[in-house]
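Sequence lines, in order, name chains A and B. Going by my numbering, the first residue of the first sequence is number 1, and it counts up by one from there. Going by my numbering, the first residue of the second sequence is number 1, and it counts up by one from there.
Don't read these hints as lab results, they were simulated from the structure. Model, not experiment: these values are computed from the prediction. Built from N, CA and C at the ideal position, the CB exists for glycine as well. Watch out, some of these pointers could steer you wrong.
Derived coverage of chain B by chain A (criterion: at least 3 residues anywhere in the stretch with Cβ under 8 Å from a Cβ of chain A; other residues may be distant) [stated by the list, open to error]:
| hint | segment |
| --- | --- |
| 1 | 44 to 52 |
| 2 | 86 to 96 |
Here are the computed distance ranges between Cβ atoms for each label pair [stated by the list, open to error]:
| hint | chain 1 | residue 1 | chain 2 | residue 2 | range |
| --- | --- | --- | --- | --- | --- |
| 3 | B | 77 | A | 83 | 32 to 42 Å |
| 4 | B | 16 | A | 54 | 45 to 55 Å |
| 5 | A | 84 | B | 39 | 16 to 26 Å |
| 6 | A | 106 | B | 22 | 26 to 36 Å |
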Amino acid sequence: AQSVTQLGSHVSVSEGALVLLRCNYSSSVPPYLFWYVQYPNQGLQLLLKYTSAATLVKGINGFEAEFKKSETSFHLTKPSAHMSDAAEYFCAVRPTGGGNKLTFGTGTQLKVEL
Amino acid sequence: DTAVSQTPKYLVTQMGNDKSIKCEQNLGHDTMYWYKQDSKKFLKIMFSYNNKELIINETVPNRFSPKSPDKAHLNLHINSLELGDSAVYFCASSPGGRPNTEAFFGQGTRLTVV
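Looking at chain A on its own, in the form it has when it is part of the complex:
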């Protein structure tokens, strides 16, 4: 079964610093990949998705992610962190061969400090 691994359950950055949240997938065939954000006591909101159209994907709130097949990675970045970015971030995978199952990573909590 396809899965994603998120390295680092907690990441702390200073306001204005680069945000890098890591996600690696396990699949011999590149899957569809998604990044979601969850603010406290809220549901999940899509940040961006990779659907094989372009390897560099731009999302909402200044986030972007680059799909690297050679590294089986889809890391999420933002050039300059803002206090409002503090949240839980989830990477998710869905197989390209069909099927509706969306499988999530274990999440990374981002803390932004002054």
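Given chain A, work out where chain B should sit, using these hints.
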């Protein structure tokens, strides 16, 4: 005009009780899901329906019974509630047969069993 709405938002109940959570989506999607998020924020799929037909049934105790009266609704009934059922339950929906599309999530139902 909330896309995916769940009721109730909070549910506190005693062990042994039976409770239901309701979910409705107005996006015209064919596929709906139930996810469970535990205290460590881990998201695990429980069930998925496509056009009222059960297509994903993960290893979930049979005390949990989903019901889809039509493709816009997916309810979750839980019998004989246990302490370990305490979690946040998320309903989601996505277009059927299009794995490159994201799932849209409701705001969650926080279930506390005492």
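Hints, one by one, checked against the model:
no.	hint	result
1	44 to 52	holds (count 4)
2	86 to 96	holds (count 4)
3	77/B - 83/A: 32 to 42 Å	41 Å, holds
4	16/B - 54/A: 45 to 55 Å	53 Å, holds
5	84/A - 39/B: 16 to 26 Å	25 Å, holds
6	106/A - 22/B: 26 to 36 Å	29 Å, holds
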